[in-house]
Amino acid sequence: MREWKELVREQLKMRGSTQSIEEDVIAEVAAHLEDAYDHERREGHQESDARKRALEQVQWHKLARRIRAAKREEGGMKDRKKTLWLPTFANLLLLTLGIQALLMLGIHPQIAVGQHVWFSFPIPWLLALTFCAAAGALLAKRGGASPGERMIAGLAPSLVWLGEFGVMAAAFGFYRQDFAPFPLKDSGLTAVWWVVLPVLALFAGTLPFLGEHQVGETQEMD
Amino acid sequence: MGKRIRSKIARGSGELAILSLLAEQPLYGFEIAKQIGERTGGALKFTLASLYPLLYEMEKRGWVEGRWQANRAGRDRRYYHLTPDGRKQLAPLRQEWRAFFQALDSLAGVSHA
Numbered sequence: 001m002r003e004w005k006e007l008v009r010e011q012l013k014m015r016g017s018t019q020s021i022e023e024d025v026i027a028e029v030a031a032h033l034e035d036a037y038d039h040e041r042r043e044g045h046q047e048s049d050a051r052k053r054a055l056e057q058v059q060w061h062k063l064a065r066r067i068r069a070a071k072r073e074e075g076g077m078k079d080r081k082k083t084l085w086l087p088t089f090a091n092l093l094l095l096t097l098g099i100q101a102l103l104m105l106g107i108h109p110q111i112a113v114g115q116h117v118w119f120s121f122p123i124p125w126l127l128a129l130t131f132c133a134a135a136g137a138l139l140a141k142r143g144g145a146s147p148g149e150r151m152i153a154g155l156a157p158s159l160v161w162l163g164e165f166g167v168m169a170a171a172f173g174f175y176r177q178d179f180a181p182f183p184l185k186d187s188g189l190t191a192v193w194w195v196v197l198p199v200l201a202l203f204a205g206t207l208p209f210l211g212e213h214q215v216g217e218t219q220e221m222d
Numbered sequence: 001m002g003k004r005i006r007s008k009i010a011r012g013s014g015e016l017a018i019l020s021l022l023a024e025q026p027l028y029g030f031e032i033a034k035q036i037g038e039r040t041g042g043a044l045k046f047t048l049a050s051l052y053p054l055l056y057e058m059e060k061r062g063w064v065e066g067r068w069q070a071n072r073a074g075r076d077r078r079y080y081h082l083t084p085d086g087r088k089q090l091a092p093l094r095q096e097w098r099a100f101f102q103a104l105d106s107l108a109g110v111s112h113a
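In order, the protein sequences belong to chains Z and B.
Per this note's numbering, the very first residue in the first sequence carries number 1; after that it's consecutive.
Per this note's numbering, the very first residue in the second sequence carries number 1; after that it's consecutive.
None of these hints come from the bench; they were simulated from the model.
Keep in mind that a hint or two might mislead.
Here are the simulated lysine-lysine pairs, DSS-like style, with alpha carbons at most 30 Å apart [unchecked claim]:
1) K88(B) - K5(Z)
2) K52(Z) - K81(Z)
3) K88(B) - K52(Z)
4) K60(B) - K62(Z)
5) K60(B) - K88(B)
Now the stretches of chain Z that chain B is said to cover, found in silico as 3 or more residues with beta-carbon under 8 Å [as the list claims (entries may be wrong)]:
6) 22 to 32
7) 167 to 175
Note that beta-carbon positions come from the ideal geometry of N, C-alpha and C, so glycine has one too.
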């Protein structure tokens, strides 16, 4: 039983849940796994196979998230703060500070408009994006976020830029009957460079935190 | 009924299934899951991630109450008991599901057991 408790505590801790999940719950889930293991053993499975089959019944991330929601008075809203809003805000704040620091150091993306539009994204700039996205996704994961929430927490700045780009395009369209500050033929390229490249950098930071790192699981079947 | 019923219908029916089982006798989580699986021929199958959050929600609503007791093997297990409030829920829930199946039957010719 103690071994199962340790396993449950460890798995829930990986999903940032031990502070909010009571010992009673850990003991109850551990007892369930112990019973499932004993059942598999009685069915004639070897120890390792029985253990694997018992663990296949658990999707740790869902278990942690749903138990937190069920145990809390405020339920989903409080959960969402930890899994989405705070990590997203942290990502945006870090990036704002990071960009200011880079600008003070004279490191910033360059755009030259001549015969052709030309862009340059310095490596430190892209690394800052990757780092901030990783921080947002990591915080979300530690808060027990779903992969979708982690993705949003990591890629949040790109949503802001997309909004800014849309507003800018609409403003130029309205005042100058032109899509962007660049010739129309370059506007698509502008969008690609302003959105796609930074998004790729953000995604690179988010990606390592999208996985579950689960042991011996299958799809939930409820 | 070969296929497992999924999603919200399964969740809603889970409450009725748990209350019905606990009306017969107090049970702990593993027994609840096992009996539901066996008695529905696998149509309803709970994972840990669906069973315990549902039990905790039902406990919060005051329908069931969990108490640690030793089982037949002498191991401590959290037995869920039906509360008077939970017992009161059983009849209206049964009625709701009966009406649901009747409505589905008249619409799509899906007869219930």
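Hint by hint, which ones does this structure get wrong, listed from lowest number up? 1, 2, 3 and 7
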